[in-house]
Structures are given as structure tokens and as C-alpha cells.
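*Asks:* Chain residues, written in single-letter form:
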Amino acid sequence: MKPKVGFFDFTGCEGCQLAIVNLENEMLDLVGLVDIVNFREAISDKGQDYDIACIEGGISTPTCVERINEIRSKAKVLITLGSCSSIGGINSIRNDQPMDDVRRAVYGENLYWYPSIPALPVSAVVKVDYEIPGCPLDEDEFLRVLRAILQGKTPDIPKYPVCVECKRKENICVYELGQFCMGPVTRAGCDARCPTSQHYCYGCRGLVPDPNTNAEKTVLENYGLSVPETLKKFSLFDNAMEGWK
Amino acid sequence: MSDVNLKIDVHHVTRVEGHGNIVVNMKNGVLEKCNLEIVEPPRYFEAMLRGRNWREAHIITSRICGICSIGHVTASVSATEAALNLKLSEQDTMLRRLILHGETLQSHVLHVYFLVAPDLLKVPSVFPLIPTHKDVVLRALRMKNNANLMCDLLAGRTIHPIAVVPGGYTLLPTREKLLKIKQMLTDIMVPDALATLETLKALAPALPNFSRETEYIGLQNDDEYAFYAGDIASTDTGRTSPANYRKMTNEYLVEYSTSKRCKANRGSLMVGALARFNINSKKLHPLATKVAGELGLKAPCYNPFMNNVAQFVECVHTVEDSLMIIDKLLEMGIEQKPAPIEIDFNGGGTGVGAVEVPRGILYHEYTYNNKGQITDANCIIPTGQNLANIEDDMKALVMEMVGAGKPEAEISFTLEMLLRAYDPCISCSVHMLDVEFVK
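Protein chains in written order, with this note's numbering: chain A, 51 to 295; chain B, 11 to 449.
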């Protein structure tokens, strides 16, 4: 029997599910390997029974907490898709500000109409089996991880920094173009997409395990770039992590 | 007095970046409640932007919506450019228009084929159509795939584009890339669009015949069918500058919706393909004009279900317009001049970016201080502008169908179709329905 896969979205932009919908041709192969029982972006059938739960988006309301606990209790394997569900992502920027200020900025005097809690990655609430970071997730990496799980293997998510991939592509280092870059300390797996477009890496996949933060600070100072301003950039996607504070 | 009672509760129907419910209560023929409840978790983007610098705003706001991320980035960089007085070259302006076309194409194709067509064929999704209509499904995938490829080639990535930044591009597309897009448009998109026309001619008669006139709002300029720049135009009050966007939106809150709502000169307004068509149809390119005629779309059109047809007409127009832009860029030659990394903030300032994205006019407004950091931000998305109008349509539709003695199940299904016609995002697609009737 084919394993049943459900896709569920929490607080996020739906971009990761769209990346999977954009797989087009591979999507048809995927339908042959698994039964997709819940995928709002593409189908209207809704199954309540699933083996693998794929979670997009982060936790940000009391309702999210209830829903993720329920999904975890049903799923044999739980995978987080993208940065919001894996590391907190963009949503967690607001955690730096007092909650009431944040709510008032958008809803004014009606701030208490809409329940909210600090933005969290899924792993802060329930056990996560595999995390696929990235904003949006890299669709090839998603396929690699899913295939590995279906074959009973442990998926391999890179533990080296983006610089490794960037060098392999023989890109001009964006530091040479006068920009700062988080490539030296950001987890690879995106094929260095931003530096390949001569845009600095903004760390959407989160920090590598054991990042060499001192070396990064030295690089910044060597290129005459401001460390405090850069530290703020590190809080764009990975604000749940404390490594830089 | 009629004795009709209705209690419709469509839970998690549509989504504005998320989840929404339709709730209809009718007692003895009196409509007591007809709500579109948006229950998506709040995102708080305006708060997240505070203190961020001028090169980060679009990175953050792109994440409002993965589906229209190119539109958000374009509105965001436009607002930053207006606030900090950054001028865009003619070449970079043309590339902005081109990449917006890429997003409009992929979004409209996805909506018309994947979300609307299954309704008209009475199937739950596009997948059951694979055995019965394989050529149509493959055509839909091919068109979407190529529209995505166009955005990839122009911006490094379709979802959360990379190369588009305030002041221009980090890396400009090469001549080879432009030629590749031109070939794809000519060899694949044009023939596929003509084939789609035949498919739609067969399907369009199944769209409900319903009409309710409202205020239509969209960008307008003297040169073209406006997507990238122009005044805000209303069918009620004419043109005004984007700087006056608050007068055209007047956001307000209702307790049952986490998404803000808008109104301009009356209780509700409509933005999106049909609104743009009603305002700009005279500026459509020849093939798009012909296609509109063949599908029976004439301005002014007051049937919201025809928004689906207007989207396809725009697909044809954007293909034609993209080919014209590419030819001009190839003639001019691409100058590899990246956007500035350091600029003079001149004490900061406030700027508005108004851009037409697939679902309607999108506004971003930022205020920067003298260090190039955001002190105030406001984003108004198209689906929020349409919510009150959808509700007004729902009310009129329910009364009309009840008057015609239609059964509850048909009313509920038609309300879902109405929501889909507005295309409140693929994820807001209404294609994940719990339809529940409580008697």
C-alpha cells in the first residue's frame, strides 16, 4: 500500500506548497509513489488519515498549537517544509518587539480581537522528524528527502555553509561586490541561488551547525561593514536562534 | 413573507493567505447573516518592517504571499524608490513590466485551469482530468511551467524573486535569456493560448449569469493597459494619484475577519482582472481584443464570474506585451548596470508603490528616516479590498437564487464558485471544502 501524505499549512505565505505544485512533471511521478490525501492548494478531496504529515508555516496562535498537536498525534512521520515551520522564519522577527506593540501597529485599538502568541517553529511545540529549511524550500531537496524517507533511509540535509556551493559554481564573491553576505555561516542546500544572482545571502536556511561566527565577524570588519547592522540581518529568518545575540 | 430558511456554513472555504468561512443565515425569507469570515492567523508585517533598512523591506514583504511574491516585491521596491527618490532606468522599468507579466501569466493560468475548470467540469481537482482530458492538463502544466521559467530567468527565482531590488537589479538578464523567453512565448505560449481559447469557448457558457454593478478600481495611464505604473482610477470618480491611496481604500475592521476590509465611494469596491478590463479594455493588444470578443466579454461587464474570462484575456495581452518589450530591449541592448548598494538618504521620506498584481491593485507605503530605516509601513492587499464586495455579491446572489426557488446545495456551490471567481489566491482557492448544512 502506498503511504498517505498530507500537506498542512500554518502561518506563512504558502510559497513552499506552491514550490511543490510547481514541480509539475515530477508531481505526476510523486502521485505514483504516494497517496496525497490532503493538499488544499491542488485538490479538494480531504482525507483525515495519513502516514506522513508535511507542515508549512509556523505556530502563531493558540489554534495553531491545538492543530499541530492533533496532526502530530495522527502522523507517523512529521516533516517541516521551509523556514517558518523549521526555524521560525520571517514570522519570528516580531518576537523582538513587545506583543501588544506589534498587535497595535496593525489592528489599532482592536488589538485584542485576534488572539496571537510569539511566532515559533513547529519543533517548539511538538517533535519534528525532519526539517527542510529554506524560504522558499528548494523543491529538489524536498524530493530528495521524501525519496529517502520512502526508502527507509535518513535524509541528508547539508551541514556545510552556502560558500561551499557558491565556490563550486565559481561565482564572484559578493563581498568583492561591496555587499555583506551570510553565506559563510548559512546552511547550504539552496545551490547558492542568491549569490548566483549577485545578491547577498540573507540566511533564509538558518545557521549551519556550529557556525564560525567569529570568522564571519572578522570578514565583515575586513570589508569595512558594520557588525551591529549585520547582526540585525541575521535576525531576518533565524530569530528563534540565539547564536548571534 | 416567504418561509425560506437557510443555514449555510462553509467552513475553511477561502483563504487570504489562509482560512475563511462562509456563513449564511436566512429566517422566513429574511437574510439575517451573510458573512465571509477570514480566520487566518494575523501576520503583523507592518510591525516587522519597523527599523529595517531600505534593502531589506522587499525581502520581508515578499513573504506576505508566496503566490504573488513578485507583485509584493515590485510594490515594495517602488515604494522605497518613491520614498528615497531613486530613479529607475528605462531598461530596468521595462524589465519590471516584463517580470510582472510573468507572474500574471503563471497566476492566471493556474487559476483558470486548476481552480475554475474543475468546477465547470464538476470534478474535485485537475487530477481526475488526466485520463479524460490529458492534452488539456498537459497544456495547462506546460503554460504554467513556462511562465515560471520566464520569472526564473528574469529574477533568479519565481517564488521570492532574488534580483529585483530598490533602484533596479542585482544582475540583469542577458540577451541569451531574453531570446530564450521570446522563443518560449512565440513557440509555446501563443499556440497554447489559442488552444485555450477553444477550451474556454466550450466551458464559459457554464459560468453563472449573475450581474451586480459596483465601483471598479484599477491603475490607469495614458500609454498602456496599466500593470506597473499609473494613477488610481475609479469607475465612480475617475483618476487620482497613488499618493491618495488611503482615500481609495479606507480600511476598516470587522470582528469576524482578521483581514481588513476596504471601501471607496460606496459600500464596496472590486479590484482585479475584471476591474482592470472595465477601466483599460480599449488599450488591450489586438489578439487580446479579439479573444475578449470571441468569449463575449465587453466593457463594462458587471458579472463577477466573468473575472475568470478577463484573466484569460489578460494572459493573451501579457504575452503580446511581453514580446513587444523583449523586442525593444533586444534592440536597445542590455546594459549590465546593477542597482546602487549605497545611496544618499536625503533625510528620508515617504513613498507609495501601487502595482497591479494578478488579484488587483496592491499598495505598499513606507516612511524612512535619515538612516534609511523604516519608521512606518502600510500594505493593502487586493483580496482585502474585494472582501466587502464578495459579501455584497453573496447577498444579492442568495436573494436571487432563493427567489428562483433554488435548492440549498446549489446555492452553497454557487457561493463557492463566486469566491473562486475572485481568485483569492491559489491557497485561498476554496478547493478544500467542508460544506456543512445545519438545519
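Treat the hints as calculated values from the structure; they're not laboratory data.
Even for Gly, the Cβ is constructed at its ideal location relative to N, Cα and C.
Honestly, I wouldn't trust all of these hints.
Only part of the chain B face toward chain A is listed, based on derived beta-carbon distances under 7 Å [what the hints assert, rightly or not]:
{"id": "1", "residue": "Tyr54"}
{"id": "2", "residue": "Met58"}
{"id": "3", "residue": "Ile77"}
{"id": "4", "residue": "Leu148"}
{"id": "5", "residue": "Leu151"}
{"id": "6", "residue": "Leu163"}
{"id": "7", "residue": "Arg167"}
{"id": "8", "residue": "His170"}
{"id": "9", "residue": "Ile172"}
Below, computed lysine-lysine pairings styled on BS3-like, alpha-carbon distance capped at 30 Å [what the hints assert, rightly or not]:
{"id": "10", "chain 1": "A", "residue 1": "Lys217", "chain 2": "B", "residue 2": "Lys190"}
{"id": "11", "chain 1": "A", "residue 1": "Lys219", "chain 2": "A", "residue 2": "Lys267"}
{"id": "12", "chain 1": "B", "residue 1": "Lys270", "chain 2": "B", "residue 2": "Lys405"}
{"id": "13", "chain 1": "B", "residue 1": "Lys187", "chain 2": "B", "residue 2": "Lys37"}
{"id": "14", "chain 1": "B", "residue 1": "Lys257", "chain 2": "B", "residue 2": "Lys300"}
{"id": "15", "chain 1": "B", "residue 1": "Lys192", "chain 2": "B", "residue 2": "Lys37"}
{"id": "16", "chain 1": "A", "residue 1": "Lys219", "chain 2": "B", "residue 2": "Lys187"}
{"id": "17", "chain 1": "A", "residue 1": "Lys217", "chain 2": "B", "residue 2": "Lys347"}
{"id": "18", "chain 1": "B", "residue 1": "Lys347", "chain 2": "B", "residue 2": "Lys190"}
{"id": "19", "chain 1": "B", "residue 1": "Lys97", "chain 2": "B", "residue 2": "Lys338"}
{"id": "20", "chain 1": "A", "residue 1": "Lys209", "chain 2": "A", "residue 2": "Lys126"}
{"id": "21", "chain 1": "B", "residue 1": "Lys273", "chain 2": "A", "residue 2": "Lys54"}
{"id": "22", "chain 1": "A", "residue 1": "Lys177", "chain 2": "A", "residue 2": "Lys217"}
{"id": "23", "chain 1": "A", "residue 1": "Lys267", "chain 2": "B", "residue 2": "Lys381"}
{"id": "24", "chain 1": "B", "residue 1": "Lys190", "chain 2": "B", "residue 2": "Lys338"}
{"id": "25", "chain 1": "B", "residue 1": "Lys257", "chain 2": "B", "residue 2": "Lys270"}
{"id": "26", "chain 1": "B", "residue 1": "Lys132", "chain 2": "A", "residue 2": "Lys54"}
{"id": "27", "chain 1": "B", "residue 1": "Lys43", "chain 2": "B", "residue 2": "Lys257"}
{"id": "28", "chain 1": "B", "residue 1": "Lys308", "chain 2": "B", "residue 2": "Lys293"}
{"id": "29", "chain 1": "B", "residue 1": "Lys292", "chain 2": "B", "residue 2": "Lys308"}
{"id": "30", "chain 1": "B", "residue 1": "Lys416", "chain 2": "B", "residue 2": "Lys257"}
{"id": "31", "chain 1": "B", "residue 1": "Lys187", "chain 2": "A", "residue 2": "Lys217"}
{"id": "32", "chain 1": "B", "residue 1": "Lys347", "chain 2": "A", "residue 2": "Lys219"}
{"id": "33", "chain 1": "B", "residue 1": "Lys293", "chain 2": "B", "residue 2": "Lys192"}
{"id": "34", "chain 1": "B", "residue 1": "Lys270", "chain 2": "B", "residue 2": "Lys190"}
{"id": "35", "chain 1": "B", "residue 1": "Lys293", "chain 2": "A", "residue 2": "Lys52"}
{"id": "36", "chain 1": "B", "residue 1": "Lys97", "chain 2": "B", "residue 2": "Lys257"}
{"id": "37", "chain 1": "B", "residue 1": "Lys132", "chain 2": "B", "residue 2": "Lys97"}
{"id": "38", "chain 1": "A", "residue 1": "Lys209", "chain 2": "A", "residue 2": "Lys267"}
{"id": "39", "chain 1": "B", "residue 1": "Lys211", "chain 2": "B", "residue 2": "Lys293"}
{"id": "40", "chain 1": "B", "residue 1": "Lys300", "chain 2": "B", "residue 2": "Lys273"}
*Asks:* Run every hint past the structure and note whether it holds.
*Replies:* Each hint tested on the structure:
no.	hint	in the structure
1	Tyr54	holds (5 Å)
2	Met58	holds (4 Å)
3	Ile77	holds (6 Å)
4	Leu148	violated (10 Å)
5	Leu151	holds (5 Å)
6	Leu163	violated (11 Å)
7	Arg167	holds (6 Å)
8	His170	holds (6 Å)
9	Ile172	holds (4 Å)
10	Lys217(A) <-> Lys190(B)	holds (27 Å)
11	Lys219(A) <-> Lys267(A)	holds (24 Å)
12	Lys270(B) <-> Lys405(B)	holds (20 Å)
13	Lys187(B) <-> Lys37(B)	violated (61 Å)
14	Lys257(B) <-> Lys300(B)	violated (36 Å)
15	Lys192(B) <-> Lys37(B)	violated (58 Å)
16	Lys219(A) <-> Lys187(B)	holds (19 Å)
17	Lys217(A) <-> Lys347(B)	holds (24 Å)
18	Lys347(B) <-> Lys190(B)	holds (21 Å)
19	Lys97(B) <-> Lys338(B)	holds (20 Å)
20	Lys209(A) <-> Lys126(A)	holds (25 Å)
21	Lys273(B) <-> Lys54(A)	violated (45 Å)
22	Lys177(A) <-> Lys217(A)	violated (35 Å)
23	Lys267(A) <-> Lys381(B)	holds (22 Å)
24	Lys190(B) <-> Lys338(B)	holds (15 Å)
25	Lys257(B) <-> Lys270(B)	holds (15 Å)
26	Lys132(B) <-> Lys54(A)	holds (25 Å)
27	Lys43(B) <-> Lys257(B)	holds (28 Å)
28	Lys308(B) <-> Lys293(B)	holds (13 Å)
29	Lys292(B) <-> Lys308(B)	holds (10 Å)
30	Lys416(B) <-> Lys257(B)	violated (40 Å)
31	Lys187(B) <-> Lys217(A)	holds (23 Å)
32	Lys347(B) <-> Lys219(A)	holds (22 Å)
33	Lys293(B) <-> Lys192(B)	holds (22 Å)
34	Lys270(B) <-> Lys190(B)	violated (42 Å)
35	Lys293(B) <-> Lys52(A)	violated (52 Å)
36	Lys97(B) <-> Lys257(B)	holds (26 Å)
37	Lys132(B) <-> Lys97(B)	violated (50 Å)
38	Lys209(A) <-> Lys267(A)	holds (20 Å)
39	Lys211(B) <-> Lys293(B)	holds (23 Å)
40	Lys300(B) <-> Lys273(B)	violated (33 Å)
Consistency with the previously given hints fails for numbers 4, 6, 13, 14, 15, 21, 22, 30, 34, 35, 37, 40, ordered from lowest to highest.
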